[in-house]
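Undergrad: If you want the building blocks of each chain, they are given just below.
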Amino acid sequence: MHQDILTDGREEKPALFTVPKERKTIWAVGGGKGGTGKSFIASSLGILLASEQGDVTMIDADLGGPNLHTLLAVREADRDIGDFVSGKIPSLRETAIPTPIAGLKLVKGSENFLFMANLNHLKKLKLIRQIKSLETRTIIIDVGTGSSFNTLDFFLLANPGILVVTPEPTSIENAYHFLKSCIVRVLKLYMEFYKMQDLVRHIADHMENNSNSIRSFINAIVSHDAGSAHLLYKALKVLRPALVMNKARDERDVLLGRSIADVVRKYLVVELDYVGAVPQDERVHDCVKYFKPYLREYPDSPTSRSIREIAGRLKSRSSLY
Amino acid sequence: MSQLPLFKKIEDMDHYEILNIPLDATADEIESAYKLARSAYDENGLASYSLLSPEERREILARLEEAFETLYHFEKRIAYDKNIVAARPEFRQRAYFRKSTARIEIDDADGTHLLFGRLKSAIHRFLGKKDREEPADF
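Protein chains in written order, with numbering that gives the first Met the number 0: chain P, 0 to 320; chain D, 0 to 137.
Be careful, since some hints might not be right.
[What the hints assert, rightly or not] Within a straight-line C-alpha distance of at most 20 Å, the following computed PhoX-like cross-link-like pairs (lysine-lysine) qualify:
1) K23/P x K291/P
2) K131/P x K12/P
3) K7/D x K233/P
4) K23/P x K131/P
5) K12/P x K314/P
6) K236/P x K7/D
7) K125/P x K23/P
8) K8/D x K233/P
9) K314/P x K131/P
10) K236/P x K288/P
11) K236/P x K8/D
12) K122/P x K87/P
No lab work stands behind these hints: they were computed from the structure.
Construct all of the structure, not just a fragment, from the sequences and the given hints.
TA: This is the structure in structure tokens:
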């Protein structure tokens, strides 16, 4: 049972949401759909922060198909995250390898995708604890595709989790599915922690489909149980992911991000901070093809400039906590 | 439950919240916000794709029309503002006048400020200096 592991009775909230003792920044990049540029955004943020302040560790937690190493121009690695999960290497810190970028280390994703995708709960919790205790100033996690519990939990341990979408219906549909899964996950963890057993049973029937079910579920709690409503309100208020609109082609795509944030606030009862749009640039593809980090090749392009602006906004967000 | 703003029901949101604009939004800002929201919640709107039921979509579009019709027209907005002022303590009824009407700015100023300004201008004129203090940008 999740509550047996994610709550130990000593914390004031589920263990997943406790803040690391040392002051550090943890960002996680996700969004549900493959091909939206999550790994590109994650690697660019990592390269940028490494050049500004050093001491950055990136973790490829894409349990289905890791490729962050390719974007960081790491061609070979003798260890990866799977070695820690299997117990071959005792600590996550020892699996971090240097990259061609000064100040940036990488915990490479595992090629053993069947093993990693079915990561059991105990091992995942051990991994989460090790991530929180890594001795590094900044951690950036690429959480990969899908909305499985494993993916969601890596996204939720960050502050903020960064949702990457592209201006296409498929991407937006998957992003909403991902967000709804995050909300249900957070609510369930809190309800289990605070032993709201009736609500836990209720949520399973109530919140699986459209936005209306989420709002009506929340409204029902507000009407009937003000105490529980306050607790769940706190949980959702802290969730507050950031949104990046990637591959934007025009002003309409830029504004689309703002509209999505408005829709999410009204219908999914969470705040979504729109931190900016990244213009489409065909040269990104060429850089990936030739193992060259884009941000280094074209530091003054509109795409690179927008990533710097986004990083600035994310840093302001992180400093609030 | 007004102390939990995130949990506020859509039907309980006021026109400003529906259009996602500040209380002192100008007419241009209201129009831009309306157009953006309209395109978001329209049947073909990408921003709401896959998330809203047909009923939710009809409801929000009707609310947007009502909000725009009310706030975009001066007299309707004044009447509406009077009604919601009690529910929005942060409300500044005159905020949007200040940018457009010098007369109301003067009415708002307290007596001390007016007297001091007049004395200062008189001294400047007496000394033959040009009064560099231009009126606020209305």
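Undergrad: Could you work out which earlier hints the structure fails to respect and list their numbers in ascending sequence?
TA: 1, 5 and 10
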